[in-house]
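K.L.:
If you read the sequences in order, they're chains A and B.
Residues 14 to 614 (this note's numbering) make up the first sequence, in order.
Residues 77 to 275 (this note's numbering) make up the second sequence, in order.
The set of hints was computed from the structure by calculation and includes no laboratory data.
All of these numbers come straight from a predicted model, not from anything done at the bench.
Every residue, glycine too, gets a C-beta built ideally from N, C-alpha and C.
A couple of the hints might just be wrong.
[What the hints assert, rightly or not] Quick look at which bits of chain B chain A covers, simulated, 3 or more residues with Cβ under 8 Å: (1) 110–116; (2) 139–148; (3) 161–167; (4) 192–200.
So the chains spell out like this:
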Amino acid sequence: MNRLLSGNEALALGAYHAGVKVAAAYPGTPSTEILETLASFKDIHAEWSTNEKVALEVALGASYTGVRAIASMKQVGLNVASDPFMAAATTGIVGGLLIVSADDPGIHSSQNEQDNRHYARMAKVPMLEPCDSQEAYDFVALAFDLSEEFDTPVLVRTTTRISHSKSVVHISRTRVEPKPASFTHNTAKFVMLPVNARSRRPLIEERLVRLKAYTETFPYNMVSWGSNRLGIISSGVAYQYAREVFPDASFLKLGMTYPLPEKLIRQFASKVEKLIVIEELDPFLQENIAALGIRVQGKEFVPRFGELNPDLVKKAAYQAGWLEPTAAESKKIELPPELPPRPPVLCPGCPHTGIFFVLNTIGQRSKLLNDQGKSGKEGNLIITGDIGCYTLATYPPLQAMDTTACMGAGIGQALGMEKAGVNANMVAVIGDSTFIHSGITGLVNAVYNQSKGTIIILDNGTTAMTGHQDHPGTGISAQGERTKAVDLEHLAHGIGVEDVAVVNAFDVRALRDAVRKAISSPVLSVIIVRGACSVQLRTRSGQRAIDMEKCDKCGVCLKLGCPAIQKLDENLYIDFTLCAGNACTLCEQLCPKKAIAPIAP
Amino acid sequence: MKKKYDLIMVGIGGQGIVLASDILGEVAMTAGYDIKKTDTLGMAQRGGSVISNIRIAEHVWSPLVMQGTADFLIAFEKLEALRWSPYLRPNGTVIVNNQVTPPLSVSLGVNRYPDDQEIYRTIRQVTDHIYTVQGSQSVIGLGDIRTLNMFMLGCISHFLPIEIKVWEECIRQRLPAKILEINLTAFNKGREEISYVNI
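If we strip away everything but chain A, and leave its shape as in the complex, we get (with noise of 0.2 Å):
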């Protein structure tokens, strides 16, 4: 049977089919679907952990065991678990174990770039690369075998183009049962005590020897013959974007990219008269290849970060003299400048919208910042953020976020700026999904280090960037089971915090009294601002309108941002297809002539 599935899905299905028990992640951009797909079969235990670490943890028990498992993240994902993940690798496993890392190549959604191929090699794990859907679900059993076969986790490595495109796939198998689960009692293999893990250590150098001669015969190692004339060494999508652009090369494609095949390398490379690489981001294979002594051009002209295509590809190309320009190249578009951009805002009804607007407005933000977004004196609010649809009021009209570093960071930079005596009231702001991922410990440290801050948590009830997943905040599992909801307020209190308050989302003087009175507090503060995700909405009702007749243009509801209020040539207006209506009504209370109301019926 064929279906048209994305690398993800393909993954999961992959997964499904070689018979794993347990799937644990974190959602996170370009992974989320990994765990989404799998957690449609229902006889199998798929969760959303709390963060990576405890997801890796959570399938390297089931490891432990003997059953299959799998633990997917996108590439900073694999920064929170690489504490388990480097123990795992010195361990070893039991039943197969399997980490997915979807790196994000150009930074479509991350914090930052990275390459995680060099964790494999940090970790000395096996690495296996798919270069479309169908190999994403041949090779995540090949990957259980290979984990069980060499006692090792394996790194599956994608990026956003394949998790995220979708091709045909093949189904050639079907569920293969898993082993009941057991556990045999080893201190030696298990208990990572100094002693055991030193006596581990020469096995994963022994354990490198024979993958090394493994993936000598990895069947996803392959070699088609072109002209002699250029040899291409590729692996994942860029291998894809290689063959677009010389169709009569020859090419050693890799699925299997750590260890490399040294032989194999070195027989492709002595039948060419040219070794190029082609990779996306750091030049990985290249390195490796070159180490050998052989030589090898690749990134003198390949971009080394950003998202290749093959118009980059093939840019490349001409400028190394890897192939010669056509004559008839096809006369392409040229732009007026100066086009609008369309960054992704928040959307129509954004329980978020209101409270940035109310820290703009105290914090007299617009004074602060001139049209270049450069800070013309301190500030008298400082706004510490992390990761979410929240980061988004960074841009104008908001301009409510001052720091994104990483999950949970803006509580820990918020007490560092007070007890370095900044001369501003701080505030941090957290999603509540991001808060049980990594902010809670934060939480802990700014009680016990006596912070006098306000902590602001942003409750959607869901975790809406990567696709509105549940988390322990929602009290539903992954599989849609009805489960515990850790319930915010109580666990502030029950950490120490004593002014802990909680605001309707789309009230804006609720609002504005919660953050005056917090911020002039001078113990530490816990805000929860709670609305739910306008996406979600089910029905839509009482859109809003502006009555011209009222209105002098006086640009306050522009100042919320919402890309429902729009102005094109001095025409001020709704759009009624993408008003949030009654669920929302922030334009309405600001509106000084009252001039905006519910489309009459």
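For chain A, the structure is supplied; the task is to place chain B on it using the hints.
P.N.:
Chain B in isolation, oriented as in the chain A frame:
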């Protein structure tokens, strides 16, 4: 040897472009083609610029369409048609929904929205095959703006040599029964409207 079709579908997050391009992919696969598709979105929010690449042929390598090679540009909004027009090949076909949605920077007075003349003159650098359709207006008339994506699919279906029953079957498989009828109506409206648009 089957003919190749490289398509670019563009618009604004929330307009249903990913679903439309998914269905187009399923249609092509069902009709026996190789197909790869990939979407570029900022993040999961609504409101950002979206581009979906769909490549249909006997065999497809790259999921991304190269600039200057797209046979079709299907735009759900006019500024987005202009933004992504460098992907068009000479004499390629453009289907553009006659909708203007100013981005925030235009509403805030920082940027200017290009006028019609600028948009059409730019695209005519490489092609005169420009079909402007009244998609938003049509589907608001049907009672649900969210069916715009099926209207636009209907427009494309006119140009691809794939039987209508394959399209309808793939739409049927992807959409819940409750909203199926209105979406099929939107699809057929698009398929009909494109056949009498003057270019």
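K.L.:
Hints first: check each against the structure and report whether it holds.
P.N.:
Hints, verified against the model:
Counting residues of the region 110–116 of chain B whose CB lies closer than 8 Å to any CB of chain A gives 7, which reaches the minimum of 3, so the coverage claim holds. With 6 residues having a beta carbon nearer than 8 Å to a beta carbon of chain A, the region 139–148 of chain B meets the requirement of three or more and the stated coverage holds. For the region 161–167 of chain B, the assignment as covered by chain A holds, since 5 residues bring a beta-carbon within under 8 Å of that chain's beta-carbons and 3 suffice. A count of 3 residues in the region 192–200 of chain B with a Cβ less than 8 Å from any Cβ of chain A is obtained; the coverage claim is therefore met, three being the minimum.
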